[in-house]
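Novice: Each chain is listed here by its residues.
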Amino acid sequence: MSKKIGKRSIKAGLPPGSLVHVGEKKNDITKITVVDYDEKDFFELKTTSIDEALSARRSAGIRWINIDGIHDTEIMKSIGGNFGFHPLVMEDILNTEQRPKIEEYDGYLYIIAKMIYFDEKLNEITTEQVSIILGKDYLITFQENKDNFFTTIIDRLSKNVSIIRKMGSDYLLYAIMDLIVDSYFLVLEKTGEKIEFTEDAMILNPNPKTLRKVHGLKREMLYMHKAVWPLREVVGALERRESYLISDTTIIYLRDVYDHIVQMMDAIETYRDILSGMLDLYLSVASNKMNEIMKFLTVVSVLFMPLTFLAGVYGMNFEHMPELKLKYGYPFLLLFMAVCFIGMLMFFRKKKWL
Amino acid sequence: MSKKIGKRSIKAGLPPGSLVHVGEKKNDITKITVVDYDEKDFFELKTTSIDEALSARRSAGIRWINIDGIHDTEIMKSIGGNFGFHPLVMEDILNTEQRPKIEEYDGYLYIIAKMIYFDEKLNEITTEQVSIILGKDYLITFQENKDNFFTTIIDRLSKNVSIIRKMGSDYLLYAIMDLIVDSYFLVLEKTGEKIEFTEDAMILNPNPKTLRKVHGLKREMLYMHKAVWPLREVVGALERRESYLISDTTIIYLRDVYDHIVQMMDAIETYRDILSGMLDLYLSVASNKMNEIMKFLTVVSVLFMPLTFLAGVYGMNFEHMPELKLKYGYPFLLLFMAVCFIGMLMFFRKKKWL
Amino acid sequence: MSKKIGKRSIKAGLPPGSLVHVGEKKNDITKITVVDYDEKDFFELKTTSIDEALSARRSAGIRWINIDGIHDTEIMKSIGGNFGFHPLVMEDILNTEQRPKIEEYDGYLYIIAKMIYFDEKLNEITTEQVSIILGKDYLITFQENKDNFFTTIIDRLSKNVSIIRKMGSDYLLYAIMDLIVDSYFLVLEKTGEKIEFTEDAMILNPNPKTLRKVHGLKREMLYMHKAVWPLREVVGALERRESYLISDTTIIYLRDVYDHIVQMMDAIETYRDILSGMLDLYLSVASNKMNEIMKFLTVVSVLFMPLTFLAGVYGMNFEHMPELKLKYGYPFLLLFMAVCFIGMLMFFRKKKWL
Amino acid sequence: MSKKIGKRSIKAGLPPGSLVHVGEKKNDITKITVVDYDEKDFFELKTTSIDEALSARRSAGIRWINIDGIHDTEIMKSIGGNFGFHPLVMEDILNTEQRPKIEEYDGYLYIIAKMIYFDEKLNEITTEQVSIILGKDYLITFQENKDNFFTTIIDRLSKNVSIIRKMGSDYLLYAIMDLIVDSYFLVLEKTGEKIEFTEDAMILNPNPKTLRKVHGLKREMLYMHKAVWPLREVVGALERRESYLISDTTIIYLRDVYDHIVQMMDAIETYRDILSGMLDLYLSVASNKMNEIMKFLTVVSVLFMPLTFLAGVYGMNFEHMPELKLKYGYPFLLLFMAVCFIGMLMFFRKKKWL
Amino acid sequence: MSKKIGKRSIKAGLPPGSLVHVGEKKNDITKITVVDYDEKDFFELKTTSIDEALSARRSAGIRWINIDGIHDTEIMKSIGGNFGFHPLVMEDILNTEQRPKIEEYDGYLYIIAKMIYFDEKLNEITTEQVSIILGKDYLITFQENKDNFFTTIIDRLSKNVSIIRKMGSDYLLYAIMDLIVDSYFLVLEKTGEKIEFTEDAMILNPNPKTLRKVHGLKREMLYMHKAVWPLREVVGALERRESYLISDTTIIYLRDVYDHIVQMMDAIETYRDILSGMLDLYLSVASNKMNEIMKFLTVVSVLFMPLTFLAGVYGMNFEHMPELKLKYGYPFLLLFMAVCFIGMLMFFRKKKWL
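Protein chains in written order, with numbering that gives the first Met the number 0: chain R, 0 to 353; chain A, 0 to 353; chain S, 0 to 353; chain U, 0 to 353; chain F, 0 to 353.
To be clear, the hints were calculated from the coordinates, so they are not data collected in a lab.
Among the hints, a few may not be true.
It does not matter which identical chain is meant; a pair holds if it fits inside one copy or across any two.
As the list claims (entries may be wrong) - Pairs of lysine-lysine, DSS-like flavour, derived with a Cα cap of 30 Å:
| id | residue 1 | residue 2 |
| --- | --- | --- |
| 1 | 349 | 193 |
| 2 | 208 | 158 |
| 3 | 212 | 350 |
| 4 | 100 | 113 |
| 5 | 113 | 189 |
| 6 | 189 | 225 |
| 7 | 113 | 193 |
| 8 | 193 | 351 |
| 9 | 135 | 39 |
| 10 | 158 | 76 |
| 11 | 100 | 326 |
| 12 | 45 | 165 |
| 13 | 135 | 45 |
Can you make the complete structure from the sequences, with help from the hints?
Specialist: Right, here's the structure in full:
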C-alpha cells in the first residue's frame, strides 16, 4: 500500500494504446490456463504458449482463459489481436494501477477489479489487480499473481455437476466477483479483530503506542473504503443489467454480491466511526491525566512553599529576632506549620483536588 | 453487539446456495407455528415436524408459518423445496448476519429485518434477525429467538374479530413490521433516558467516568443509526408499492410505519448531536479547570518565591552584612515582605486571577 | 423540550387505529369553535358539545371547526365517524409527539404542524402540535392549548370584508400555516438577540458561564433546525400542488410561506455556524490564556530559583568558606544577583515572554 | 451585517399583502428615474412624482423605471396598481430583509437580488436589496440606496450606440445582474487581500489579535457564502430559460454571469478552507509554544531544585556535621554541584529538551 | 498560486464583450503555429502574422492553429472576426483567471482547461490556462506560455502515420486533453512523494517545522482538488457526448481520460485524508509529550520540596532546638530524607509516572 498512485508519469506524452506495463513485475513466466466446459464436458489446459492457448475449442460451451503474469507485451498483443479488443483495453490491462471500473464495448464487457489480501511478510494489506473480459461464450482473466487465485472455481468447474456448468459465461463472471468480494471479507474480519483488540487496550491503558496503532488502523480502513467504493459501482452497474451479456438469472446472483458489498461498506463505516471515537477518547483521557498531574504538582507546591518560607524566615541571621530566644518558639512554630499544612489539606479536599 | 460483521469467512469459496448456518445457535429444537385464518376461521398448530407444518390448509384464507430456530438445515431445505424459493433466499435466511433488505422474486417478496432489544444480562443492545417471505396467500417468518416474539399478533388474530382477519397477507406483514419498529422505540426510549441522566451528571460533575459513559452512549447511537437506516429503505420500498403483492389499503398503513421510522431517525440524530455537544462541553470544561489549577499554582509560587529568596539572603553567613545588626532590621524586613505580598495580591486581583 | 421522543412505548403492540392519547393533558374541557362563512355571512359558535358542533351549516360556504383539547377520545371518535376519516388519522391526531407531515387521503388532506413559542415559566422553547384536516369545503384544526391560538384569524374572518372571506378552505389553510410560521420567526428573533448578546459577552470576557450559555443556545438552535426541516417539507408539498384541494391562487401564497421557511432555515444555519465559531474561539482564547499564565509562572520561577540557590550557598555553615570573610563579599554578591536578574529579564524580553 | 434576520415580528398576524416597510429607511425622498429607449432614441426623466413617471412613453422601445427609496407606501401602491402586480410582490419589495429569489407571475418575472459593498464607515460588509420586475417591454428596479447605483448602465444606454440599445428588456436585466455580481467580486477581492495579509501575520507571529481577525474573516466569508448561494439559484433559473421573457441570445450572456458566480463560490470555499487551516495551525502552534515554555520551566526547576536542597542541607545547624569541618568541604561540594549541573544538562540535551 | 481569484475588478462596469487581457503577461510576441494535416499530408507553419496564419489551407483535412501569447487584442479580434466567434468567447479567452468550463455554441465547442506544473523557481504549483475551440474541421488553442506545450503532439502528427492523422479534429482535442491530464499526474506524483517523505519525518520526529510542511501540503492538495473538480465536469460533458462534434470513436478515448481524472481525484482525496490524519497525530503526540514533561517536573518538584523544607527547618536559628544537639541528629535526618525520597519514588512508580 506504499504506492498510492500509479507511476503514470512514465507514460506521459505517449500516444494512447501504447502497451507499457505499469506496476511491479511479480511473475517471471506468463502462465496460461485454458478451460473449455459445457454441461457435459470439461477440459483444462495449462501452458505458457499463447498459440496453444488460442487453439480450437474442445467443447461447444464456454471458454475461460486465465493469464497469470501480464508483463509480456507480446502475449498481450496476440490476445488483443485474436479477439479484436480495443487498444485502450489492452493498455489498461497492462497498467496495474487502475481504479476498479466497468466498460462496455461492442460485443464484450471489460471489468477491472482488485483482490485484497493481508501480506504477512510486509505486514500490510496488499491489492492485486484482476482484469476480466466477458464475451458471449468466453471469459478472459488477467492477473499478476504467482499463485493461481481461481483454483477453487476451477475445482468447482471440474469436479461436481454443479449449477456453474449449466450456466453461461456471465455466471462464471459472478463466481469470480463473488470470490473477489470474499477476499475483502477475510481482510475486513482480520482488521475488525485488530480494532476490537486495540479498543480494549485503549480503555485499559491509553498510551502513545496504542494511539499510533489506532492511526494505522484508521488508515487501513481508509484504504478499504477507497477500494470498496468503486467495486460497488462495478457490481452495481452489472446488476442493473446494463448489458445484454448478463442474463436475468445471473442478475439475481449479482444482486447478492452487491448486498455483500453494501454490508461490507456499512461495516467499514462503523469501524471508521469507532476509530474516530477512540481518538477523541484518547485526547479526552490525556487531557484528564494532565489535569491530575497538574493538581498533584499544585497541591504539593502549595503545601510546602509557605512552610519553606517560614523556615527560611527563622533561618535569618538578624541579631534582634525576639522569637528565636523564646523557649517554646520552636515547638510553637512546628505546631503552626502543622496547622497550616492540615488547613491547606482540608482546603484541597473541599476543592476536590485530593 | 460485539460481533460487528458476520463471520462470513467460513463461507468463503463455497458455491452460492450452500446452506450453512452463520451466527449463534440460540435454540435447540426448531419450533414451528402454523396459523391458518380467514374472516371466519382461525386455526393454530404448534409442532416440531416440518411435514405436519406443510400439510393441507384448514381455511381458504391466509397461512402464516413461523419458524423458531433456523439452524436445522434439513427443515430449511424442506421449506425451500416445498414453496420453490430461490437457493440464495434460503442461504440468506440461514446467515443471521445480514443487513436489512428487501428483494422481489417471482411470486414472492423476501424481507430481512432486525428486531432490537436491550439484553439485561449482557447489558447491551442485542439484535435478532427476522426473515419474512410474503406470498399472495401466505407469509413465512424465520427467527432464532427462544421466545416467540409474535404472540401479540397471534393473540390479535385469534381473539377479536379485528381488521387483521379481514385483510390479506400484506396486512399481516404490516403488523409484523409495526411490531419490529416498536421494538426500536422501546430501546430508543430507554437509551434516551440514559442520555438525559448522563447529561445532568455531566453538567453537575464532569469526570472521566461520565465521559466514558458518553462515549458508550455515542456508540450505542451509532449502532441504532446503522440499524434503522436500512430498515427505512426496506419499509420505504414496500410503501412505494414496488410490488403487486401489497394492496392500496395496506400502503396507507405502511406509510404510517415509515413515518415512525423517520421520526425515530430524527430522534437518533438529535441524540447524536447532543452527545457530541456533551463531549465538546467536557473538553471545554476540562481546559477551563486546567486554567484554574494553573492560575492557583502560579499565584502561590509567585507569592512565595521572592519572599523565600529574601529570607535566604538574610540567612547568609557573610561577616559584613550591616542590615543584620540594625535594631529594627527584622521587623522592617517583615513589613517589607508583607507589602510585597499584598502588592502582588492586588496585582493578581487586577489580572482577575483571584 | 425535555421529552425528545414521544412515549410511544405505551402503544407498543396495540393494533393500529387504537385511539390512545399520547402527550401532556393541558386542557380539562374540550372547547369547540365552529365558524361558518362565505362571502356574505359569518357565524361563530362556541360550544363543548360535539353534537351541537356537527349540526347543520348556517352558510353555503366554508365550515371551520377548531377543537381545543384532544384528550377526550369520545369526541374524537364522533368527529372521525362523522367525516369518515381513516382510523390512522384519528390515531395520529391523539398522539401529540408526531413529526410534522402531510398525507393525502381520499377527499381530504391531513397535515401535522408544530407551533413554537417561548414558555416564560419553563424558560425554554415549547412546541404545540396542530393537526389540520382540509376538505373541499371544510377545515378542522385540533390542538391541545388552553388559549385559542387562532383568534387573529377568526377576527379577520369576522370583521372586515377581506380577501379571506372570498377564498376557499385552502386559503384558510394558508392563513393558518402563515400564522404558524410567524410563531417560529418570533422565537428565532428572540434567540437571535440572545446569541448576539452572548457573543459580545464572549469577546469581552470568555468564561465558563458564557460557554455554558453558548452550549444552551447551540442546543436550542438544534431543536429549531429539527422543527423547521419537516415543516419545510410539508409546505413544500402543498406548494408543489400535489393535491386538487389546493387552487392555483393559493399556491402563490403558499410559495410565500415556503420562502419564509427557507429564509428562516438560512438564519438558523447562520446562527449555528456563529455558535460553533464562538466555541472554537473560546478554546483558542482559553489555550492562549493558559500560555500567558504558564509564561508568567516560568518567568518568575526562572528569575528566583538561581538567586535562591545562591543565597542558599552562602547560608551554608562550612567552616572554610573564604568568600564569607571578604569585606565586600556581601555587596558584591548582591550586585552579581542583580546582574543575573537583569540579564534574565532581557533574555525573556528577547523571547517575547514579557 | 448586525441584523441577521429581518424584524419580521412587526408583521406577525397581519393579513398577506399588507404594505409595511421592513428595514432601515435610508432615503428621505423617493427619487424616480424613467428611461425610455429603443435603437434610435433615448429619453431620461428624473422626477419625484409618480404620476409624471407613469406618463406616456416617449419611444416605442423599452421603458426602465428605477425607484430610489421604497419607504413611501403610497408610491408603491400607485405602481402596483398601474402595472397590476400581485399584492405579495408589492409586500416583498417593501420588506428589505428578503432572501434573493425569482418568481414567475403571469406576464412578468419578479427577482430579488442583493448588492454588496464594503461600508468604510461601519467597517463591515453591507448589503442592499434590489427588487427587479421584468416585463416584455419594461423593467422596474426598486432600491433604497442614496446614490443611484445604476449610473454606469444609464451612461451606456445614453452615450454609445452599443449592443444594449438594440436588445430587449431581458438584456437590460442581464446588464443589471452583471453589475450586481461585479459588486460581489469587488468585496471578495478586498477580503481576499485581507486574508493573505492575515495569513502572513499568522505565520510570522501568531497571537490572539490575529486569531480574532481570522475569526472575523471567517464570519465575513460565512456571510458571503450565504449571500452568493441564493444568487446562484436566481441566475441559474434565469439561465435555464424558465421564462418566455428571456430570449436565446440573452441566455448566453446569463450563462456568463452564472459562470462568474460559480467561480466566486469556488473562491469563497477556498478562502473558508484556508481560514480553517489557519485556525488549526494556530492551535498547533500554541500547543507547541506551551510545550516550549513547559520544557524551559522544567529544565530550570530540575537544575536548581537538587542544588538548592544540597545548599539547604549544609545550612543546617546540627552540632555534629563532620563535613562542615573539612578543609575542602566547601570547594568539594561546589565541584559536586557543578558535576550534577552539567550531568543534568547533558541528560536534557539527550532528551532534546534543550 | 498567490492570486486566488482573478483581478476581475478592472473589468467591473465594462459592457460585456470588452476585450481586456486579465492576467500576467508572460510573452512579448504572439507566436502562431498553424498545422494543416490529413491522412496523407502534413504542413506546419510558424509565424507571428495573423494574416499569414489565416491564409488558405494547404490540405483538405484538419487545421490546427495554436496561439502562444494572448495579450495582443488586435490578433484576438482578427481571429474572432475571421471565424465568427461569440464576443463572450473572445472575452473569456483573454481572461486567464477562468474556471475550467465547456460551452457549446452554434457550430463550435469552447473549452477552458488549466495545465498544471511545478515551478521550480517559485517553488510552487503553477497553472496555465489553455482555451480550445473545436470546430468540425479545425481546432484553435490559445495559451500564454513561453514554451510551446504541444510539441509532443505536433511531433506525433508529423512523424508517424499514426492513428491521429486518420481521425478528425475531435481526436486532436482528445490528445490535447490527455496531455493536460498527464500534467496533473506529474504534479500529483511529485506531491505524493513529498507527502510520504513528510509522513516519515512526522513519525520519527514531530516538530513545528514538519507541521508547517504538512499545512503547506494540505493547501497544495486543496488547490489540486479545486483544479481537478471542474476539469472532471468538462471531460464528463465531452464524454457524455453532448455535442455532434464528438464522434463515437473518440468518446471511448475521452472515457479513458475521464477515468484518469476520477482516479486522480481519488488519490487527492486519499492524500487529504492522510494529511488530516497527520495533523491529528501531531496534536495527540504533542499533548502526550506535554504530559511527559509535566510528569517529570512534578516528580522532581515533589521529590525535593519536602526535603528542602526539612533542611530549612533544621537551618533555623532558634536557641532551643533539642534535635540540633543530638549526636546522631544529622545522620538520622539524612536517613529519614533518604527514606522519604525512596518512598516517593516507589509511589511514582506505582502511579506509572516513571
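Novice: All hints are to be evaluated individually against the structure, with a verdict given for each.
Specialist: Here's how the hints hold up against the structure:
no. : hint      : result
1   : 349 / 193 : between (44 Å within a copy, 29 Å between copies)
2   : 208 / 158 : neither (50 Å within a copy, 60 Å between copies)
3   : 212 / 350 : between (37 Å within a copy, 24 Å between copies)
4   : 100 / 113 : both (10 Å within a copy, 26 Å between copies)
5   : 113 / 189 : both (18 Å within a copy, 25 Å between copies)
6   : 189 / 225 : both (18 Å within a copy, 21 Å between copies)
7   : 113 / 193 : both (23 Å within a copy, 26 Å between copies)
8   : 193 / 351 : between (38 Å within a copy, 26 Å between copies)
9   : 135 / 39  : within (19 Å within a copy, 39 Å between copies)
10  : 158 / 76  : between (33 Å within a copy, 23 Å between copies)
11  : 100 / 326 : neither (96 Å within a copy, 89 Å between copies)
12  : 45 / 165  : within (23 Å within a copy, 41 Å between copies)
13  : 135 / 45  : within (23 Å within a copy, 51 Å between copies)
When the structure is compared with the earlier hints, violations turn up for hints 2 and 11 and for no others.
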